[in-house]
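S.K.: The residues making up each chain are set out below.
Protein chains: 2
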Amino acid sequence: MVQGESNKSANSSKHHMVGGEGPHSYLRNSEYQKQLLLSADDSIQDLISHHLDAGNPPRTFRIADFGCSVGPNAIQAVENIIKAVKIKFENSRSTPDFHVFFNDLIGSDFDTLFKNLPSPRNYFAAASPGSFHTQLFPKSTLNFAHCSTALHWLSRIPVEVTDRSSPAWNAGRIHYSGAGQAVRQAYSDQYAADMEAFLTARATELVPGGLMAVVVLGFPDGVVSSDSSIGKAFDILGSCLCDMARAGKIDEERVDSFNLPFYYPSPSELTALIEANGSYRIEKMAALAAPMRRRPDAAVLTSHLRAVIEVLVEEHFGNGVVEELFARHYEKLLKSPILVDEKFWKETNYFVFLKREEDL
Amino acid sequence: MVQGESNKSANSSKHHMVGGEGPHSYLRNSEYQKQLLLSADDSIQDLISHHLDAGNPPRTFRIADFGCSVGPNAIQAVENIIKAVKIKFENSRSTPDFHVFFNDLIGSDFDTLFKNLPSPRNYFAAASPGSFHTQLFPKSTLNFAHCSTALHWLSRIPVEVTDRSSPAWNAGRIHYSGAGQAVRQAYSDQYAADMEAFLTARATELVPGGLMAVVVLGFPDGVVSSDSSIGKAFDILGSCLCDMARAGKIDEERVDSFNLPFYYPSPSELTALIEANGSYRIEKMAALAAPMRRRPDAAVLTSHLRAVIEVLVEEHFGNGVVEELFARHYEKLLKSPILVDEKFWKETNYFVFLKREEDL
Numbered sequence: 005m006v007q008g009e010s011n012k013s014a015n016s017s018k019h020h021m022v023g024g025e026g027p028h029s030y031l032r033n034s035e036y037q038k039q040l041l042l043s044a045d046d047s048i049q050d051l052i053s054h055h056l057d058a059g060n061p062p063r064t065f066r067i068a069d070f071g072c073s074v075g076p077n078a079i080q081a082v083e084n085i086i087k088a089v090k091i092k093f094e095n096s097r098s099t100p101d102f103h104v105f106f107n108d109l110i111g112s113d114f115d116t117l118f119k120n121l122p123s124p125r126n127y128f129a130a131a132s133p134g135s136f137h138t139q140l141f142p143k144s145t146l147n148f149a150h151c152s153t154a155l156h157w158l159s160r161i162p163v164e165v166t167d168r169s170s171p172a173w174n175a176g177r178i179h180y181s182g183a184g185q186a187v188r189q190a191y192s193d194q195y196a197a198d199m200e201a202f203l204t205a206r207a208t209e210l211v212p213g214g215l216m217a218v219v220v221l222g223f224p225d226g227v228v229s230s231d232s233s234i235g236k237a238f239d240i241l242g243s244c245l246c247d248m249a250r251a252g253k254i255d256e257e258r259v260d261s262f263n264l265p266f267y268y269p270s271p272s273e274l275t276a277l278i279e280a281n282g283s284y285r286i287e288k289m290a291a292l293a294a295p296m297r298r299r300p301d302a303a304v305l306t307s308h309l310r311a312v313i314e315v316l317v318e319e320h321f322g323n324g325v326v327e328e329l330f331a332r333h334y335e336k337l338l339k340s341p342i343l344v345d346e347k348f349w350k351e352t353n354y355f356v357f358l359k360r361e362e363d364l
Numbered sequence: 005m006v007q008g009e010s011n012k013s014a015n016s017s018k019h020h021m022v023g024g025e026g027p028h029s030y031l032r033n034s035e036y037q038k039q040l041l042l043s044a045d046d047s048i049q050d051l052i053s054h055h056l057d058a059g060n061p062p063r064t065f066r067i068a069d070f071g072c073s074v075g076p077n078a079i080q081a082v083e084n085i086i087k088a089v090k091i092k093f094e095n096s097r098s099t100p101d102f103h104v105f106f107n108d109l110i111g112s113d114f115d116t117l118f119k120n121l122p123s124p125r126n127y128f129a130a131a132s133p134g135s136f137h138t139q140l141f142p143k144s145t146l147n148f149a150h151c152s153t154a155l156h157w158l159s160r161i162p163v164e165v166t167d168r169s170s171p172a173w174n175a176g177r178i179h180y181s182g183a184g185q186a187v188r189q190a191y192s193d194q195y196a197a198d199m200e201a202f203l204t205a206r207a208t209e210l211v212p213g214g215l216m217a218v219v220v221l222g223f224p225d226g227v228v229s230s231d232s233s234i235g236k237a238f239d240i241l242g243s244c245l246c247d248m249a250r251a252g253k254i255d256e257e258r259v260d261s262f263n264l265p266f267y268y269p270s271p272s273e274l275t276a277l278i279e280a281n282g283s284y285r286i287e288k289m290a291a292l293a294a295p296m297r298r299r300p301d302a303a304v305l306t307s308h309l310r311a312v313i314e315v316l317v318e319e320h321f322g323n324g325v326v327e328e329l330f331a332r333h334y335e336k337l338l339k340s341p342i343l344v345d346e347k348f349w350k351e352t353n354y355f356v357f358l359k360r361e362e363d364l
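Taken in sequence, the protein lines are chains P and H.
In terms of the working numbering, the first sequence opens at residue 5 and continues consecutively.
In terms of the working numbering, the second sequence opens at residue 5 and continues consecutively.
One chain only, chain P, in its complex shape (with noise of 0.2 Å):
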């Protein structure tokens, strides 16, 4: 029981969200997770009902966010969780008090997050910050694993990708969009491992029967994301990147060594990775209504790509960089067609609910 990995990453301390509640910061662009989360919350309360074990409620139930941000999301995603479960168990002999834990990488702003806990409320909060890639929580005490839009981070950049003597390297670019094989493979390799690692720290954690929700950004089965809104503004801001470097701006080397840690798998992708680890039982995995899809928005989507990756742009270019480089952004996008034309809109948000194996 050794923990702790997270801090000898030098990565991972930046892969969280702009702090506080400025224009930027996460709590004022998260507009999107909170639609996201409104259809999932429904499917939760239906799948506690079906699946979670009323027989002989524990003392305590204890709920673990998982890549939770400052929070306002994940507050209301545990509170959906606690009226489900209390509901189910309203008819037992006793009802849990309930200790929910909210989990970021270190170096997220907790303070925001404690600040954005109502008061009153029906439990007890504490953090539990670290890597979500490693066992964060002691063996067999968790009742509920919830972790929404956050496993697409990447814990790191695939290190073929930055490796000019691999065939994976991936000079101009700042993604696997558009980038070939090599890059692609290097990327869901780190995928498949970063997801092995959060399946297998969780089926730690987890009560036997214990159940999981998740909700994971990615592509229908045979698109590529080159093809997908996402990818073409991970390439407009590469291709900005670039002129800013042609510019004398930045350095065309820090360009090349500049990569986005998200991968965006297939459903299928996950079902396999899932089934590989053999810890759970998938008892639903559906496709969410994407929100965004309805009315896309130059300034909505520059500003909602800032606040998820302006800290780890600030880390690799120092600071300065920002401003300029998403009122490029802005300007291109409006040009572009994933604003108006729906063979874009591909991204989709997979809702999966596991449920842990009794016997491992």
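These aren't lab readings, by the way, just hints derived from the structure by calculation.
The reader is advised that the hints may include incorrect statements.
Since the list gives no way to pick one copy over another, a pair counts as held whenever it fits inside one copy or between any two copies.
Calculated lysine-lysine pairs in the BS3-like style (CA-CA distance at most 27 Å, straight line) [what the hints assert, rightly or not]:
no.: 1; residue 1: K336; residue 2: K347
no.: 2; residue 1: K288; residue 2: K236
no.: 3; residue 1: K253; residue 2: K119
no.: 4; residue 1: K143; residue 2: K90
no.: 5; residue 1: K253; residue 2: K339
no.: 6; residue 1: K143; residue 2: K119
no.: 7; residue 1: K92; residue 2: K143
no.: 8; residue 1: K143; residue 2: K87
no.: 9; residue 1: K347; residue 2: K119
no.: 10; residue 1: K288; residue 2: K253
no.: 11; residue 1: K236; residue 2: K336
no.: 12; residue 1: K253; residue 2: K90
no.: 13; residue 1: K236; residue 2: K119
From a predicted model like this one, the values you see are computed outputs, not experimental measurements.
Assemble chain H onto chain P, guided by the hints.
M.R.: Chain H alone, transformed into the frame defined by chain P:
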């Protein structure tokens, strides 16, 4: 089980040490606490060996540190506890996983605490923000509670001392030291209420037979705080504030309404409060050697005082007061007898080891 009372008090969110790692941070001014801890550590090892039930080790052993501040001393304390518990359980069928919770008020610098956590470590760590005068954990889930030199922080300033119409109105002073009986009684009543709340909350959270070690700063029976170096230092600070008011630098009414939220009990007062609560058996109560007695130094004393109360001063008087206030304090302290005369060095840390009754 309604939690979160701490958020309701406008005061309480400011009751924390100076964060970060700068020259005035608590991190750089907690040597005193560290030395105390070392002398408490041996006692804790012995007492765990005697009083922990080794019959049937729990699968998870939960430890909480209350009033952890930014961490180094709290981390050392819990690691000492884990060491002793492991020794106690080494011949058992199984050893527990350790889940450690660090508590302090919302607004405390948990970011620095998280960064101070060793990696790797043999326990899982979490932060539980909120007032330790309220219940912070589910019923019967803690095996060990620890609280070192934090209980002298009152949850609030007694209402009467800032009420002009009360006999306990404390004009021209910032503490009960040297004040009249009504002021001292108001502080003492508040301390009694706070201790009762603390002991009751911990008794709910601890398992039957659970253990608690607390270090309480106080004065021997019969000593009044105005005869102590702490009381004198507060007198000096109060007189500096009055000087600054006379010089027109701060408002006199603001000085009249400023009071420090600290209370220092006697051992017999402490014993009476624990016995009145009725949830614990007192396994040990003893004075610890006081490291500060040996070599009082004006710069160290001023710096320590500043680390502890800078936030309170800024909250009450606004920014721009602190530098001058503590410069004045240092100058006056140089001429004070408390630096040279042992008769003032009376503050004593009491180590108290409690066992929660099996049946309540």
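S.K.: Now tell me, hint by hint, if it's right for this structure.
M.R.: Status of each hint after checking the structure:
In this homomeric assembly, K336 and K347 come within 27 Å of each other (Cα to Cα) only inside a single copy, at 19 Å, whereas the closest approach across copies is 76 Å. When the C-alpha separation of K288 and K236 is checked against a cutoff of 27 Å, the pair qualifies neither within a copy, at 30 Å, nor between copies, at 68 Å. Taking the shortest alpha-carbon separations for K253 and K119, neither the intra-copy value of 39 Å nor the inter-copy value of 34 Å comes in at or below 27 Å. In this homomeric assembly, K143 and K90 come within 27 Å of each other (Cα to Cα) both inside a single copy, at 24 Å, and across copies, at 17 Å.
When the C-alpha separation of K253 and K339 is checked against a cutoff of 27 Å, the pair qualifies only within one copy, where the shortest distance is 23 Å, while the shortest distance between copies is 59 Å. For the identical chains of this complex, K143 and K119 are inter-copy neighbours only, at 24 Å across copies versus 30 Å inside a copy, given an alpha-carbon limit of 27 Å. In this homomeric assembly, K92 and K143 come within 27 Å of each other (Cα to Cα) both inside a single copy, at 25 Å, and across copies, at 21 Å. In this homomeric assembly, K143 and K87 come within 27 Å of each other (Cα to Cα) both inside a single copy, at 25 Å, and across copies, at 20 Å.
For a Cα distance limit of 27 Å, the shortest separation of K347 from K119 qualifies neither inside one copy, at 41 Å, nor across copies, at 45 Å. Taking identical chains as interchangeable, the C-alpha atoms of K288 and K253 are never at most 27 Å apart, the minima being 49 Å within one chain and 67 Å between chains. When the C-alpha separation of K236 and K336 is checked against a cutoff of 27 Å, the pair qualifies only within one copy, where the shortest distance is 11 Å, while the shortest distance between copies is 68 Å. For the homomeric pair K253 and K90, neither the shortest alpha-carbon distance inside one copy (57 Å) nor that between copies (57 Å) is at most 27 Å.
In this assembly of identical chains, K236 and K119 lie within 27 Å of each other by CA distance neither inside one copy nor across copies; the values are 36 Å within and 37 Å between.
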